[in-house]
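Since the structure of chain H is provided, determine the placement of chain Y on it from the hints.
Listed below, chain by chain, are the residues.
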Amino acid sequence: MSCIFHLNNLVFGYTSTPVLRNISTEITAGEFVALVGPNGAGKSTLLKVLAGLVRGYSGSVEFSGKSLSRWNSRELARRIAFVPQETHMVFPFTAGEIVMMGRLPHRAGAVFDNPRDAEWAGEAMALTDTAALASKVFNHLSGGERQRVVLASALAQDPQVLLLDEPTVYLDLKHQMQFYDIVERLNAERGMTIISVTHDVNLAARYARRMMAMRAGSFIADGPPGEVLTPQHLYDIFEITAAVFQRPDGRGSYIIPTA
Amino acid sequence: MAAAATSFLRRDGALSAGRFLAVVGPCAAFCLLVVLFAPWIGSTGVTWRNVLAGVSPDREIFFVARLPRVLFGALVGGALAMAGVLFQAILRNSLADPFTLGVSAGSSLGAFIAIWLGLEMVIWGIPVVSIAAFIGAFLTIALVFFIARTAGVVPTFTLILAGVTLNFIFFAVMMFIHYAANFSQGYLMTRWTMGALDTADMRTVLGAAPFVIGCLAGLMWIAGQLNPLSAGEEWAASRGVDVRRVKKLSYFIGSILTGAVTAFSGPIGFVGLIVPHTVRLVAGPDHRVLIPASFFIGSAFLVLCDTAARTLFAPTEIPVGVITALLGGPFFIALLKRKRGDLW
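Chain order of the listed sequences is H and Y. Residue numbers for the first sequence, in the working numbering: 1 to 259. Residue numbers for the second sequence, in the working numbering: 1 to 344.
Pulled out of the complex, with its shape left as it was, chain H reads as follows (with noise of 0.2 Å):
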């Protein structure tokens, strides 16, 4: 498998004081990463870097061997799909539109949407379960289905890389489940590389591969879920006293913090 992000020593802060401190990594294409970590410790700048939305870092992200600082943004948009905590639309927009946003960066007619951007639309909706939305209006659905929709417009993007800030943390356990189940389907069946950063343990250990922990603007522990996730771990990344046990159906660990 390819590198598909490559970082080197990356530094950046909104102001100067930095949020990512000296940060060195790479993620192999088809990865499914969950980023975790307490507030303030960077993850969802870590992500907004690597969807290109923030720039004037120093070090070097390479996206698929060139850096991204080159890479032209409608081109970078056909490749990597991002989303966001929670989406609040000004204007009434339909799911559909929300949707077909999504063609935008393939879009070959100036105006008009073609047939085969409808397509990819149609079935970004349809593996999301948003197909009978399409004509809602976005602001009119419930958390859950919002969530699903946004899912579909970065689908529509065709991207080989999937980023997720939060994506569920507004959403009931079902919703949650329901949606990183999607997720995970798109990782296994069609290789897209996922990272998602999330306050949720043990969601992360549920679906990701690869853990990477965060405090402070740099990573303190990285590995598969059950390495990462160990009381001594969970207390320098949380400060905080956890049990660690194997999940009844075997797919990782689970945490139950303590104090």
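Hint data in this document are derived by calculation from the structure and do not stem from the laboratory. Among the clues, some could well be false.
As the list claims (entries may be wrong) - Listed next, with one range per pair, are the computed distances between beta-carbon atoms:
1) Leu-95/Y / Gly-109/H: 31 to 39 Å
2) Asp-172/H / Phe-176/Y: 58 to 66 Å
3) His-140/H / Leu-327/Y: 29 to 37 Å
4) Glu-75/H / Leu-95/Y: 32 to 40 Å
5) Glu-75/H / Pro-210/Y: 31 to 39 Å
6) Val-173/Y / Glu-119/H: 51 to 59 Å
7) Glu-75/H / Lys-248/Y: 19 to 27 Å
8) Tyr-14/H / Leu-95/Y: 28 to 36 Å
As the list claims (entries may be wrong) - Below, simulated DMTMM-like cross-link-like pairs (lysine to aspartate or glutamate); rule was C-alpha separation at most 25 Å, straight line:
9) Lys-136/H / Glu-86/H
10) Lys-66/H / Asp-242/Y
11) Lys-174/H / Glu-123/H
12) Lys-136/H / Glu-234/Y
13) Lys-248/Y / Glu-234/Y
14) Lys-174/H / Asp-129/H
15) Lys-174/H / Glu-184/H
16) Lys-248/Y / Glu-75/H
17) Lys-248/Y / Glu-233/Y
18) Lys-174/H / Glu-189/H
19) Lys-136/H / Glu-123/H
20) Lys-136/H / Glu-119/H
21) Lys-174/H / Glu-86/H
22) Lys-136/H / Asp-172/H
23) Lys-174/H / Glu-145/H
24) Lys-136/H / Asp-12/Y
25) Lys-66/H / Glu-234/Y
26) Lys-136/H / Glu-233/Y
Here the structure is a predicted model, which means the values were calculated and not measured. Using N, Cα and C, we set each Cβ at its ideal position, and we do this for glycine too.
Frame of chain H, contents of chain Y only:
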């Protein structure tokens, strides 16, 4: 047939040429109808026989007094509606319009200064007051942009604040000038702030038409990118939109459109606010439809308002800005009460 029409209005995603025509076509037809009929209506009756045969005064009333005024009204209404759409999109605020960013106030201040200084002459067919108004608008655009710009980026919120603040300052200066001016100048100033389309002649129309229609064509080019931009800057950037470029371009086109037409018509309120809203309610927020549809509906709306302004209390004319505000205001309030959930 009816099923086909409703399926075109169902907004389930893709925009085909067929759906575009199904929405924009009727708007254009309505606009054409209004522009064709309006010149025949007025305080003095004209017959088409006399007009075509060139009999005075029907010919002069139709071709010199009414037709340029109607055509200019159509251009101004279309331009203001498009500017409203643009400002609402880039500021992601459904209450933004050409007034929010201070462009209208800047152009009025320019006109006030020209009136105060007694600059009543006409250069190359253009009144100096209009030139001053255009310069006022242009300086305001630059000033707002300069104030809002920090470290190379122009945050949306600062842009609105800068515009609103300049509005207050300009209105204060205008009140002072109005107070200091003599009685007849004061009347001219009051008259200017109400907006009017009667100053237009065929030269104004021929000057403004290529400019406004060129802007419409140019906007169709970036309309697809305005959709994600109106949803959010990160949202747009992650879909490959060059946010900085599209935002700057939209801001300047919207401002120049406002500045150019306001220089001749004076500030005409509400068109840039209610037309985009109404069109969005029927046709949806896709800018590829919203921009041309708003252009045509804005044109028709202002021509209708101006026709009412000319005829309601004939032979006395009411400033068209009074009509747009009196019609537009209550209409807008009714709209807000009825469909609040869909507007924002």
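Margin query: Going through the numbered hints above, which ones does this structure break? Give me the numbers in ascending order.
Written below: none
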